[in-house]
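Residue numbers (our numbering), protein chains in the order written: chain A, 1 to 350; chain B, 1001 to 1095; chain C, 2001 to 2362.
A hint or two may mislead.
Derived list of chain B stretches under chain C, where covered just means 3 residues or more per stretch with a C-beta under 8 Å from a C-beta of chain C [said to hold, decoys possible]:
#1 1032 to 1044
#2 1048 to 1056
#3 1061 to 1068
To give an idea of the interface, some chain C residues facing chain B are shown, with a C-beta separation under 7 Å as derived from the structure [stated by the list, open to error]:
#4 TYR2115
#5 SER2116
#6 ARG2118
#7 ASN2131
#8 THR2141
#9 THR2142
#10 PRO2144
#11 ALA2148
#12 GLU2152
#13 VAL2248
#14 GLN2257
Calculated directly from the structure, the hints in this document are not laboratory data.
Computed from a predicted structure; not experimentally measured.
Even for Gly, the Cβ is constructed at its ideal location relative to N, Cα and C.
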Amino acid sequence: MNDNNPAADEPGVTRAGRIVLAHGGGGELTRRLLAERILPKLANDLLAPLADSAVIDPPPGRLCMTTDAFVVQPLEFAGGDIGRLAVCGTVNDLAVMGAKPLALSLALVLEEGLDLDVLDRVMDSIAAAAAEAGVVVATGDTKVVEYHGAGGMTITTAGIAALPADMPPDAKTITAGDAVLVSGMIAEHGLAVMTARKGLGIRTTLVSDVAPLGGLVNAMLAAGGRVKFMRDPTRGGLAGLLTDLSEQIGRNIEIDEQAVPLSPAARHASELLGLDPLTVANEGKVVAVVAAADAEKVLAACRSHPLGRAAVIVGRIGQASDWPLVELLTAAGGRRIVQRPYGEELPRIC
Amino acid sequence: MCLAVPGRIIEMLGGGSDGEAAVGPVATVDFQGSRVEVSLAMSPEASVGQWVLVHAGFAIAVLDEDEARQTWEYLQASGIGEMPEQLKAGSDGGK
Amino acid sequence: MSVAASNENLRQLVSAVADAAAGARDMALMEICGTHTVCLFRSGVKSLMPTNVRLISGPGCPVCVTSCGYLDAACELAARKDVIIATYGDMVRVPGRTDSLEAARGRGAAVEVVYSARDAVKLARGNPGRNVVFLAVGFETTTPATAAAVIEAEAAGLKNLFILPGHKVLMPALEALLSADDSAIDGFLCPGHVSVILGAAAYRPIAQKYRKPCVVVGFEPANMLEGIGRLVRQVAASQAKVENAYGVAVTEGGNAQARAMIERVFEPAATEWRAMGSIPASGLALRGCYARFDARAKFGIEFGPDYEPPGCRCGEVIQGRIEPTACGLFGVKCSPTTPVGPCMVSSEGTCAAWYKYNRRSR
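Let the sequences and hints guide you as you build the complete structure.
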């Protein structure tokens, strides 16, 4: 059904400006798409042979591998786009393991009708983010699907990284009194994306925090403190991450509401949408658990990095429990449980 | 059902941003950096610079400057908000 | 105000509640606003109450009190290819007897979440070939917005906007709660934003008739604590006055313009409250001159009967008779991911709030 298919005639944008099915056919159009719009932006030695597989020469020791699919809508939002998100998302999954990224794969699924200008901007973002992260795209794939109202593009990335012998941090060493650190303001990415959706009619100054975290993680590890756990609070936000952690280690976690770094703009946008900022996604933040005695040292190291200036200790690890809870000490002096959000957090009116 | 947030009218938009007839004036309201188009159907007397309480796209009450300051004091007392510059005592945020 | 000063202020307000309650009998204070239910939990105020002050949640969640019949009708409409359902977010996951809008959307139905009733009008304008049905639910804070949308659609001559009427009126429900034989409510925390529309004076008749104090309260922790303090003091002194602790937004007379809009478009009708049965004059039907906007007439559908799943005690929870933990399904068969009744599905439902913010053991 082609009711809203942008590949149908639209004033101002000719068919020549959009992806068509033939772009994925493996023939001349495919070759031209790759040669003109994709490969030049990714150029690097690993990719250059354009063989069926990339050959990587790994350093000695173990490897880390991760994969992620990106289906964000809209494709472009304040502070980034699906391309930047795809590179940073995968690079960050490797970074929080304490690993050094070696290479990424990049699989694009383009929808018939996608504006080629959008594709160009996304490829530029991918190239820029990869350079920022110090990583290359070693291999990739491009497919085109029939229009079905899915938003134009999805991206799947995988990444491999070299894992130092003393990594990843061992969560089994976490004990009561350890500090919980957050590297900066939360909820910005999720809110920036949500408010960019046309239907909501809310214009904000919020900007996604999407960024590669390798440098920040290195700075934190270089401080010489005992970092026992690191993760980036993406889908599910800080609430999802802490709930997972409390269950993993079988311990309560206590968070001070007033310590949680949240900008007034983010607070108000959350209220307007009826969202709990603790559950909103972040794409440029690290949550770490650090031995109590080393907390200030690691915090200072975090703050010395541009991405960690607003870092704060938000709480402490508590006692072991067979029903571990994450509790928030509220501004009013009361307590309430923090839980992972239940699936899709609809923008609430109520 | 009652999420309503105080914001400041920064611009009147005439009869609705898509140009069609509406039940009354429509305005752009600013909430600490977030901007929403809000109908003034329930608060037709509201004007640019005034603080309004907005629920689901409608201004349900006009707050006078003192009341808005009080609302922000509650927010601050609850450790939640930071008073916007325009409301800090002694400063008229300009229009 | 500095953070330290504001914390001190909150501590003083907590002490004031404790002082007011000291030596008084056990009391049950009911709030009738879903947002209060959530705010009291989220802010931790609920955890700070003295042992003789019980805060109970009444039927304040408009989604929770929307009958199965309404939801099933909405799903039936959603299945039509020529219909786009426009709805506030909360309704999407609530189950009717057999279906939900979320499930219908998964099967290809057009279900659009809107922030405002005006967005439904915009949808209708932007989709001239299809019919937009707006799910009109909510209490008096939200009803004027639907009225405005209908008035606007009429002025613009829109032929493809309809509403499925589901708005509720608060006072008849309060009367029903207080006139029940086993009513154990000692006072009401009145909903802040419904009161912006109704005015504080609207509660005088029931305060006088049933001799129960009513305090209008906002949503910030400091304000909620202040309002609770005032209510506790009244109950302890056997008073039955209406007090307004949310004067920044609520006046004695409320918003007459908003009420006029409601009156213009709607008239009272008996309505089914989920798990509470039919309450006279507690709902709103479109007046004759606006009858053409009623989706039921347009599409030839009716609201079916309500349905209470076996073992579900939402009705008792909604009326404040039991706490969620007294229900055998709570946390066992009924959870936010597998909700049985409306109190668990809606994010403002008592059971959902309890489960999310207060569940401290299996």
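Hint check results:
{"no.": "1", "hint": "1032 to 1044", "result": "holds (count 5)"}
{"no.": "2", "hint": "1048 to 1056", "result": "holds (count 3)"}
{"no.": "3", "hint": "1061 to 1068", "result": "holds (count 4)"}
{"no.": "4", "hint": "TYR2115", "result": "holds (6 Å)"}
{"no.": "5", "hint": "SER2116", "result": "holds (3 Å)"}
{"no.": "6", "hint": "ARG2118", "result": "holds (5 Å)"}
{"no.": "7", "hint": "ASN2131", "result": "violated (18 Å)"}
{"no.": "8", "hint": "THR2141", "result": "holds (6 Å)"}
{"no.": "9", "hint": "THR2142", "result": "holds (6 Å)"}
{"no.": "10", "hint": "PRO2144", "result": "holds (6 Å)"}
{"no.": "11", "hint": "ALA2148", "result": "holds (4 Å)"}
{"no.": "12", "hint": "GLU2152", "result": "holds (5 Å)"}
{"no.": "13", "hint": "VAL2248", "result": "holds (4 Å)"}
{"no.": "14", "hint": "GLN2257", "result": "holds (5 Å)"}
Hint 7 from the earlier list is the only one contradicted by this structure; the remaining hints agree with it.
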